[in-house]
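Chain order of the listed sequences is P and G. Each residue of the first sequence is one higher than the one before, counting from 438 in this note's numbering. Each residue of the second sequence is one higher than the one before, counting from 25 in this note's numbering.
Each hint should be verified, as a subset may be incorrect.
Example chain P residues on the side facing chain G (calculated, C-beta under 8 Å, incomplete) [to be verified]: (1) Ala476; (2) Val536; (3) Glu537; (4) Glu544; (5) Glu547; (6) Pro548; (7) Leu629; (8) Asp641; (9) Gly642; (10) Ser645.
Source of the hints: derived by calculation from the structure; they are not laboratory data. Backbone N, C-alpha and C fix where the C-beta goes; we use that ideal spot for every residue, glycine too.
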Amino acid sequence: MCKHLKELTLIDENGKRSDDRGIDDLRQIKITVGVVKNADGSAFIEFGKNKIIVAVYGPREVHPKHMALPDRCVLRCRYHMSPFSTDTRKNPAPSRREVEISKVMRESLEPSLILSDYPRAVIDVFVEVLQADGGSRCAGINAASVALADAGINMRDLVSACASGRLGDNIVLDINDLEDKEGDADMPVAYLPNMDQITLLQLDGKLSPNQFNECLNKAIHGCKLVYEIQKEALMKKYFGNEMELKEEV
Amino acid sequence: MSSSKRSTIIVEQLRKQQMLESLSRGKRLDGRNFESYRDLEIEIGIIDKANGSAKVKLGNTEVLAGVKVETGEPFEGLENKGALIMSAEVLPTASSHVEPGPPDEEAIELSRVVDRGVRESKMLDLDKLSLIPGKIVYTIFVDCSIINSDGNLLDATSYAVVSALLTCKLPVYEVQGDKVVDTGNIMPPPITTIPISVTAVRIGDSVLLDPTMEEEACMDARLTITTQSDGDLVALQKGYTGPFAITEILRSAEIARIKGEEIRSKIKGLNETG
Numbered sequence: 438m439c440k441h442l443k444e445l446t447l448i449d450e451n452g453k454r455s456d457d458r459g460i461d462d463l464r465q466i467k468i469t470v471g472v473v474k475n476a477d478g479s480a481f482i483e484f485g486k487n488k489i490i491v492a493v494y495g496p497r498e499v500h501p502k503h504m505a506l507p508d509r510c511v512l513r514c515r516y517h518m519s520p521f522s523t524d525t526r527k528n529p530a531p532s533r534r535e536v537e538i539s540k541v542m543r544e545s546l547e548p549s550l551i552l553s554d555y556p557r558a559v560i561d562v563f564v565e566v567l568q569a570d571g572g573s574r575c576a577g578i579n580a581a582s583v584a585l586a587d588a589g590i591n592m593r594d595l596v597s598a599c600a601s602g603r604l605g606d607n608i609v610l611d612i613n614d615l616e617d618k619e620g621d622a623d624m625p626v627a628y629l630p631n632m633d634q635i636t637l638l639q640l641d642g643k644l645s646p647n648q649f650n651e652c653l654n655k656a657i658h659g660c661k662l663v664y665e666i667q668k669e670a671l672m673k674k675y676f677g678n679e680m681e682l683k684e685e686v
Numbered sequence: 025m026s027s028s029k030r031s032t033i034i035v036e037q038l039r040k041q042q043m044l045e046s047l048s049r050g051k052r053l054d055g056r057n058f059e060s061y062r063d064l065e066i067e068i069g070i071i072d073k074a075n076g077s078a079k080v081k082l083g084n085t086e087v088l089a090g091v092k093v094e095t096g097e098p099f100e101g102l103e104n105k106g107a108l109i110m111s112a113e114v115l116p117t118a119s120s121h122v123e124p125g126p127p128d129e130e131a132i133e134l135s136r137v138v139d140r141g142v143r144e145s146k147m148l149d150l151d152k153l154s155l156i157p158g159k160i161v162y163t164i165f166v167d168c169s170i171i172n173s174d175g176n177l178l179d180a181t182s183y184a185v186v187s188a189l190l191t192c193k194l195p196v197y198e199v200q201g202d203k204v205v206d207t208g209n210i211m212p213p214p215i216t217t218i219p220i221s222v223t224a225v226r227i228g229d230s231v232l233l234d235p236t237m238e239e240e241a242c243m244d245a246r247l248t249i250t251t252q253s254d255g256d257l258v259a260l261q262k263g264y265t266g267p268f269a270i271t272e273i274l275r276s277a278e279i280a281r282i283k284g285e286e287i288r289s290k291i292k293g294l295n296e297t298g
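The following block holds chain P by itself, in its conformation from the complex (with noise of 0.2 Å):
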């Protein structure tokens, strides 16, 4: 039954995907910056039917103190989901897919910030899913990514995540909720632009080395898509009034 549907709604005969997109094309993205007040930095990312909140704490005074680092700032991450955000209730308890999740999203943001320049201190990343559809963990690093840069953190460049896939034959770029659960490949990639390197790299599915290789192309095409939009949501917080004015004249 799962085949038949698979082959009746991922991808038609005119290449259109089942929410309508090409292989190449990205869901709707939207980041507004600076949307939590008590945070030091935050941002708010709609990603397809993703509704993400991401608020940063930081650098503050570590608790517990023993967890101090003294050449350099310790970085913290929390990906959680609001038992609301998916199709059946999510237990409110972090689940081992949130803690592994938790994990590598830290890491893939830790190679942007410079983190020497703020030693015994703490920035707190929260990730809060209030919606989940497919590909959250991409969209919380471009999210978390954007609050950092709005918290003032000194960074190298900014994180732009996207995920690649495979469905049948066709390798197609950015995985939907259901193109994830029935789908061959799904492999979500962050990268930093300016820099040209990978921070975080999974693959959940079956790729050859051939897809493989125009599986990373294509995520990483989608990262430098994602990063436009990024810097743009920044530009308008900071320079908003100035473009507007520019436009009046």
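We have chain P already, so just place chain G on it with the hints.
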């Protein structure tokens, strides 16, 4: 801040410097080439009470995997498939850094990455492990204990799991109405392919396979690549705090296929000798 912490950091930096110097001359501190593994020893069937077991020694890293088979309800959404459940625990025996307690982030990542290789490659044909569709299926537990830790737990655990699954024996059940009865017979598991993980770490500009604990203490980034028997990639996991260049990733994927095949042929041989 205690002064002991400051001195640890100085020692760490000195150790990294020494490591980088040695690597720049093309040598690892234990004398291996960048792309060679430590000695790999696999012993199977050492736990009589388990349906399958394997002990893997990779250098000084030692991991034990045990398979226990039960019957139970299927997972939601996978009503006609057997259930596969994996766990890993770094025992307090493994090193002086480990404290007993619930699995931490590292242990959770470890078992999830090993699980991903087995699950995504469909090593076990779970469709063949359903007894009464939607009601009763085989439930296969694979639990791993890390006995001694000297780096590259990911690969050692992956080889232990794959060896234990490959050589395990499943009880044969008979369906009687809405119940299943153990017939007392055993059968080999439905194996379709052998997933093998290969882990590379980057230290400075050097990419090494099968890192020791000492090398892991100096690493910038880690990449685990799992391939199946036909050479296709089935799972990837980048770990640790540094980035990778694209060329390093593509080269590592190439090496993972070649190295993976070497290790696979060793594991394949287990069934014939055992």
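| task | May I ask you to test the interface hint for Ala476(P) with respect to chain G, counting a Cβ-Cβ separation under 8 Å as satisfied? | result | violated (24 Å)
| said: Would the hint on Ser645(P) be counted as holding, given a Cβ-Cβ threshold of 8 Å to chain G? | reply: holds (5 Å)
| Close enough to count: is the Cβ of Glu547(P) nearer than 8 Å to one in chain G? | Constraint on Glu547(P) satisfied, holds at 4 Å.
| field | Residue hint Glu537(P), partner chain G, criterion CB-CB below 8 Å | value | holds (5 Å)
| request: Tell me if Leu629(P) is really an interface residue toward chain G, meaning its C-beta lies closer than 8 Å to one of theirs. | output: holds (6 Å)
| Under the criterion of a CB-CB separation shorter than 8 Å, is Gly642(P) in contact with chain G as hinted? | At about 6 Å, which falls below the 8 Å cut-off, the nearest Cβ of chain G leaves the hint on Gly642(P) intact, so it holds.
| Is the interface hint for Glu544(P) satisfied, with its Cβ closer than 8 Å to some Cβ of chain G? | holds (5 Å)
| query | Going by Cβ atoms only, is Asp641(P) closer than 8 Å to chain G? | reply | Constraint on Asp641(P) satisfied, holds at 6 Å.
| said: Would the hint on Val536(P) be counted as holding, given a Cβ-Cβ threshold of 8 Å to chain G? | reply: At 5 Å from the nearest chain G Cβ, Val536(P) passes the 8 Å test, so the hint holds.
| query | If you take the shortest Cβ to Cβ gap from Pro548(P) to chain G, is it below 8 Å? | reply | holds (4 Å)
Checked against the numbered hints above, the structure breaks only hint 1 and satisfies the rest.
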